[in-house]
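S.K.: Please build the complete structure, drawing on both the sequences and the hints.
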Amino acid sequence: MKHTCRSWLSLILLSIFLFSCAIAQKGDQGPVKEFQDRIDNYLSAKKKQDIEKKPTDSPGKLAQEKQQTAEKSQQARPEAQRGDIFTPAVSAYFKKQIESTLHGPEGSRVRASLRHAEPLPDVHLQVNAKYPKNLPLQSTPPTLLKNLPPLPKELQYRIVGSALVLYDMSAGLVVDFIPGAVPAA
Amino acid sequence: MKQKKLMKYQNAVLLIAAMGFALTGHSRLAQADPKAVPQAASASKLDIRIPLQDKTVRFAVIGDSGTGDRAQYEVAQRMEAYRQATKFDFVIMLGDNIYGSHSPKDFEKKFEQPYKPLLDAGVKFYASLGNHDDPDDERLYKPFNMGGERYYAFRKGEAAFFALDSNYMDPKQLSWLDQNLKESQGTWKICFFHHPLYNDGRHHGPDADLRTQVLPLFQRYGVNAVFSGHEHVYQRIKPENNIYYFVLGNSGKLMTHDFGEARERVKGFDSDQSFMLVEIAGDKLYFQTIARSGETIDSGELPRIHP
Chain A
502 MKHTCRSWLS
512 LILLSIFLFS
522 CAIAQKGDQG
532 PVKEFQDRID
542 NYLSAKKKQD
552 IEKKPTDSPG
562 KLAQEKQQTA
572 EKSQQARPEA
582 QRGDIFTPAV
592 SAYFKKQIES
602 TLHGPEGSRV
612 RASLRHAEPL
622 PDVHLQVNAK
632 YPKNLPLQST
642 PPTLLKNLPP
652 LPKELQYRIV
662 GSALVLYDMS
672 AGLVVDFIPG
682 AVPAA
Chain B
1464 MKQKKLMKYQ
1474 NAVLLIAAMG
1484 FALTGHSRLA
1494 QADPKAVPQA
1504 ASASKLDIRI
1514 PLQDKTVRFA
1524 VIGDSGTGDR
1534 AQYEVAQRME
1544 AYRQATKFDF
1554 VIMLGDNIYG
1564 SHSPKDFEKK
1574 FEQPYKPLLD
1584 AGVKFYASLG
1594 NHDDPDDERL
1604 YKPFNMGGER
1614 YYAFRKGEAA
1624 FFALDSNYMD
1634 PKQLSWLDQN
1644 LKESQGTWKI
1654 CFFHHPLYND
1664 GRHHGPDADL
1674 RTQVLPLFQR
1684 YGVNAVFSGH
1694 EHVYQRIKPE
1704 NNIYYFVLGN
1714 SGKLMTHDFG
1724 EARERVKGFD
1734 SDQSFMLVEI
1744 AGDKLYFQTI
1754 ARSGETIDSG
1764 ELPRIHP
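Taken in order, these protein sequences are the chains called A and B.
When the letters of the first sequence are read in order and numbered with my numbering, they come out as residues 502 to 686.
When the letters of the second sequence are read in order and numbered with my numbering, they come out as residues 1464 to 1770.
Derived from the structure by calculation, the hints contain no laboratory data.
Among the clues, some could well be false.
[What the hints assert, rightly or not] Listed next, with one range per pair, are the computed distances between beta-carbon atoms: (1) A:E535 x B:K1635: 15 to 23 Å; (2) B:E1612 x A:S609: 26 to 34 Å; (3) A:G561 x B:Q1642: 30 to 38 Å; (4) A:P556 x B:D1583: 26 to 34 Å; (5) B:N1705 x A:E600: 35 to 43 Å.
Beta carbons: idealized from backbone N, C-alpha and C, even for Gly.
M.R.: Structure representation (structure tokens):
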């Protein structure tokens, strides 16, 4: 009798846990889908005017192509502003993911990684503008990358000061950013 | 009396000679242009501690090199002297290949010019990306042999090399690494990337999060040696989990007095720039680390631990 009661109790607790997980996951699906849709739109607008870059011996050609890619990407979204990709709902989701990574079971390791990665100061960032000149790209901890939605190869997440930046590698542009998303480690 | 006069003449001659020497020295200093560095030691006087056996894999290693400063040029010149004597035919780069801006002039001043004798001799450079590199420009720059990718693999004789992008170790790259290490037929598996997994340097320290992600793969697939940069010193780390680790982040930059307590390192050097020579011959990896001054600061022979 005692054993049966215990089994039932365990089953009920497990069901509650799975149910709450499912709700939480469903709650996250909205912002993730919204984010991915916006990324798809960004890339399809960009691809219409993109230049296919190939390896070259000429740094001059690389510089020229990068400039052209930046200009075309900027022209593709002349009205771009902060929040186009990281909408309030998407930002809230990202902040929650970052918070849970930094304070989860692997948090101390991730925070140490951030401290050792040559952290950058908070600098003035602008959407659709070039990434600040000569500013290194701070490494992004792998555990954090595992907890954020995957990106196509053209884009990367970067940490600049306390901001999480969506960085367009081929154009060298800041696509969007969330200020204060990454608290000091 | 005559003796006194003679001494006066002697003193005058010595004074003139000293002035002449000082002036010559001064004119040398005035030429402190990276392109006009003095000739490196002649090949006949080089201290060579790798075996130079037939049909081996022989390469050089540089890290955090791309400053365009005089020290980088002097290390490069030392490398050329060793290339002539040892015939290494490729170089692996551990990141921060071009510091600061990435204009065509920067590529020239911080890479093409210092390593011109090596490039002219057909030496190939294989780059990995550091935090000061521009991932898009450099992956597409042919002389870095990255094939347009942030991370890639290549094979030299019995050794398989894996150049990783430790700035951005996303799940896609981890999955690529898993697949490529699994399929690799190389007897020696060598990984190189910018951020060190173990590091006694005080400026940056080790990247523990990166280590947690890549080390299980290194162990599972029998990686034998790992080369990293980032910390601007040289370190040979105690072998961990049957893997040899080297940190070489001082081929251009230098962080003097950077070491704290020796927790991980067997050998450390933080008072000059340096580069490494490596030769893989059968089951042995021979290495020699050479300072800008020409002094050999570390060398040895390491057996392959994995079967």
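S.K.: Which earlier hints can't be squared with this structure?
M.R.: 4
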